[in-house]
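**Student:** The chain contents come next:
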Amino acid sequence: MNIAVAIDHVPQDALPSAGEAGPAPRRIVVAYGFWIFLLSDIIMFAALFASYAVLVHSTAGGPAGAQLFNQGTVAIETACLLFSSYTCGLMSLAINSRRRLGTYLGALVTFALGAAFLALEIREFTNMIAVGATPERSAFLSAFFTLVGCHGLHVTLGLIWLVVMMVQVAVMGFVPTVQRRLLCFSLFWHALDIVWVGLFTVVYLMGVSP
Amino acid sequence: MSAAQHERAPGDRPTREMQASAPSEFLVYTIGLFVALLLTVTSFWTANTTLLWPGGVFLGLAVLAIAQMGIHLVFFLHITSGPESTNNVLALAFGVLIVFVVVAGSMWIMTDLNQNMLMPLGGSISMPMRH
Chain E
1188 MNIAVAIDHV PQDALPSAGE AGPAPRRIVV AYGFWIFLLS DIIMFAALFA SYAVLVHSTA
1248 GGPAGAQLFN QGTVAIETAC LLFSSYTCGL MSLAINSRRR LGTYLGALVT FALGAAFLAL
1308 EIREFTNMIA VGATPERSAF LSAFFTLVGC HGLHVTLGLI WLVVMMVQVA VMGFVPTVQR
1368 RLLCFSLFWH ALDIVWVGLF TVVYLMGVSP
Chain D
583 MSAAQHERAP GDRPTREMQA SAPSEFLVYT IGLFVALLLT VTSFWTANTT LLWPGGVFLG
643 LAVLAIAQMG IHLVFFLHIT SGPESTNNVL ALAFGVLIVF VVVAGSMWIM TDLNQNMLMP
703 LGGSISMPMR H
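Just so you know, the sequences run in chain order E and D.
Each residue of the first sequence is one higher than the last, beginning at 1188 in the working numbering.
Each residue of the second sequence is one higher than the last, beginning at 583 in the working numbering.
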């Protein structure tokens, strides 16, 4: 953290207004813009959550959540995503101190845990479809597959993004552009975990408890 | 122009000179992981136990989920209440407001509509048809 060392002895006054400080560094602007995107993404998830909550009892005589959901699988999925969020944080520490090996290791573990989560979710979906619980069976199942599938799609995109970023680190090194993209990736990955917290609570735990 | 005079990017940790006694970054992530794990385990226990009053389980799960989201925001995304992340917190507050309006509003309206749809079966329709 070179910046932290350099400004160690500068007395900390109140933050100057935007006019005095000049334009913000690129890293702050980019990350703030991505933060706005993430919040709008979460608002989209809120709409899906709302439709799920409205339709959760509209099973049309089909299977309800309590008969379909397996809590063991959900617990493992939750653990996978939580630990991958943690290793993603460790990866961003390695990026900030420009340790290549640590970055690759963090990315590898993050990718493996994310892929394990995705594999479990796909297995769950195929099992449900095999017993006739397809999205067209009832409004409840349509809402379920839309909500959980949308999260799964985000995880898939995140995994692809992570691979692309590792290629960029290998080819371009830790240039500022790559570091900004990696910061955005870690924001994205942590936000996905936050959405999953709401998801396993609302869909799986509230769905099976009486 | 040093970077410390600006707001902080979301996801970046506070620089050291702001909190000289701040714990190391590795420790922050690890504490976050353990607290989040604890809350997750409590959530799964709450949903499956028979010890608790069933009516309170729903509320308990909601509280645990919101607490865990807060833990993720503070320990993983490094959202603080400091002056250097005012913009991030304000954007987050607006997002939370919209999420609340969308979810609570939809559920309120749709519950209301469901009850009104069921009413004609009871026989008493208070509003005359005006066609």
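The hints are simulated quantities; they were obtained by calculation from the structure and are not laboratory data.
Just so it is clear, the structure is predicted and the values come from calculations on it, not from any experiment.
Where is the CB? At the ideal position from N, CA and C, for every residue including glycine.
Wrong hints could be hidden among the right ones.
With the Cβ distance kept under 7 angstroms, some of the chain D side facing chain E (calculated, not the full set) [what the hints assert, rightly or not]:
hint: 1; residue: GLU607
hint: 2; residue: TYR611
hint: 3; residue: GLY677
**Student:** Okay, which hints does this one fail, numbers in order?
**Tutor:** Nothing - there is no hint that the structure violates, so all of them hold.
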